[in-house]
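Participant: Residues per chain are reported as follows:
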Amino acid sequence: MSDVKKFLYVNRKAPYGTIYAQEALEVVLIGAAFDQDVAMAFLDDGVFQLTKGQDTKEAGLKNFSPTFRALGDYEVTKLYVEQESLDERGLTLDDLQDIQYEDEDDDYEEKPSIIVVSRAAMADVMADQDVVLSF
Amino acid sequence: MKFGIVVSEGPYTHQASDSAYNFVKAALATGHEVSRVFFYHDGVNVGTRLSIPPQDDRQIQEQWTALAKEHELDLVICIAAAQRRGLLDQNEADRQGKDANNIAEGFRISGLGQLIEMGIQADRTITFGD
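As you go down the protein sequences, you meet chains A and B in turn. Start counting the first sequence at 1; every next residue gets the next number (our numbering). Start counting the second sequence at 1; every next residue gets the next number (our numbering).
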């Protein structure tokens with residue numbers, strides 16, 4: 001495919017309680033096969049999707065949080081996380097999983113995928129996209 | 001302009017599919033093109049032909065089926081979301097060993113790749129959700 005578009009998957013919902021987060025991830029993984037310029041955004045309760053130490057056993061739900069660490073293998077390497085959403089929920093970057101990707105343009109050095117941005121900067125990220133899919 | 005439409009909530013519980021329907025109708029009436037309507041999450045439930053809404057209410061599935069027929073719309077139900085929620089065409093019913101299908105005329109079941117392809121091909125992709 002000649003024309004590459006910028007896709008942004010916007011995640012606003014908590015990982016469990018509704019299926020949006022899980023089905024959003026399914027779109028991202030399938031979409032990776034299309035070689036587009038892909039990024040994900042996490043805001044509002046969506047920031048909880050990236051927290052570490054998730055344990056869903058008691059709830060009887062599938063814990064899909066390890067999938068986020070595999071996103072680098074799908075060339076999904078830009079995970080924008082909104083600072084204000086973290087702040088409002090008493091979270092810091094330390095509460096999130098350490099998600100890395102191997103930069104093939106830099107001798108496969110491991111680099112962090114999570115990019116914490118302000119609400120104003122998140123608006124710029126969104127404005128810069130061709131296709132925004134919101135979950 | 002060429003629009004791609006995502007419907008991500010189910011019928012009646014949410015207004016999303018009504019808003020999408022009204023938008024598509026208006027877009028077509030004013031000379032725009034709608035390349036595809038992609039039903040995801042509970043939106044797949046719009047495509048069952050077994051719903052029986054009260055007679056004095058709008059018939060959401062029938063509205064879409066009629067609009068698709070009139071304008072040769074491509075109404076795609078996501079297969080992964082559909083399997084979870086019991087939406088089947090005859091092919092899927094046979095393949096999965098189920099005893100019935102329930103997909104309505106004018107809809108087809110296909111993969112998530114159709115959503116990404118729609119995003120690539122359309123000038124604007126619009127999501128109707130919660």
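What the hints contain is simulated information worked out from the structure, not anything from laboratory work. Just so you know, even glycine gets a beta-carbon here, dropped at the ideal spot from N, CA and C. Do not take every clue at face value.
[What the hints assert, rightly or not] Chain B regions said to be covered by chain A (calculated; three or more residues, Cβ under 8 Å):
no., segment
1, 85-96
2, 118-126
[As the list claims (entries may be wrong)] Cut-off 35 Å, straight-line C-alpha distance, at most; resulting in silico cross-link-like pairs (DSBU-like, lysine-lysine):
no., chain 1, residue 1, chain 2, residue 2
3, B, 69, B, 98
4, B, 69, A, 5
5, B, 2, A, 52
6, B, 69, A, 57
7, A, 6, B, 98
8, A, 5, B, 98
9, B, 98, A, 78
10, B, 69, A, 78
11, A, 13, B, 25
12, B, 2, B, 25
13, B, 25, A, 5
14, B, 69, A, 62
15, A, 6, B, 69
16, A, 78, A, 6
Participant: Look at each hint and say if it fits the structure.
Facilitator: Each hint, compared with the structure:
no.	hint	result
1	85-96	violated (count 0)
2	118-126	holds (count 3)
3	B:69 to B:98	holds, 28 Å
4	B:69 to A:5	holds, 31 Å
5	B:2 to A:52	violated, 41 Å
6	B:69 to A:57	violated, 47 Å
7	A:6 to B:98	violated, 40 Å
8	A:5 to B:98	violated, 39 Å
9	B:98 to A:78	violated, 41 Å
10	B:69 to A:78	violated, 41 Å
11	A:13 to B:25	holds, 30 Å
12	B:2 to B:25	holds, 13 Å
13	B:25 to A:5	holds, 27 Å
14	B:69 to A:62	violated, 40 Å
15	A:6 to B:69	holds, 33 Å
16	A:78 to A:6	holds, 12 Å
Of the numbered hints given earlier, the model fails hints 1, 5, 6, 7, 8, 9, 10, 14; all others are met.
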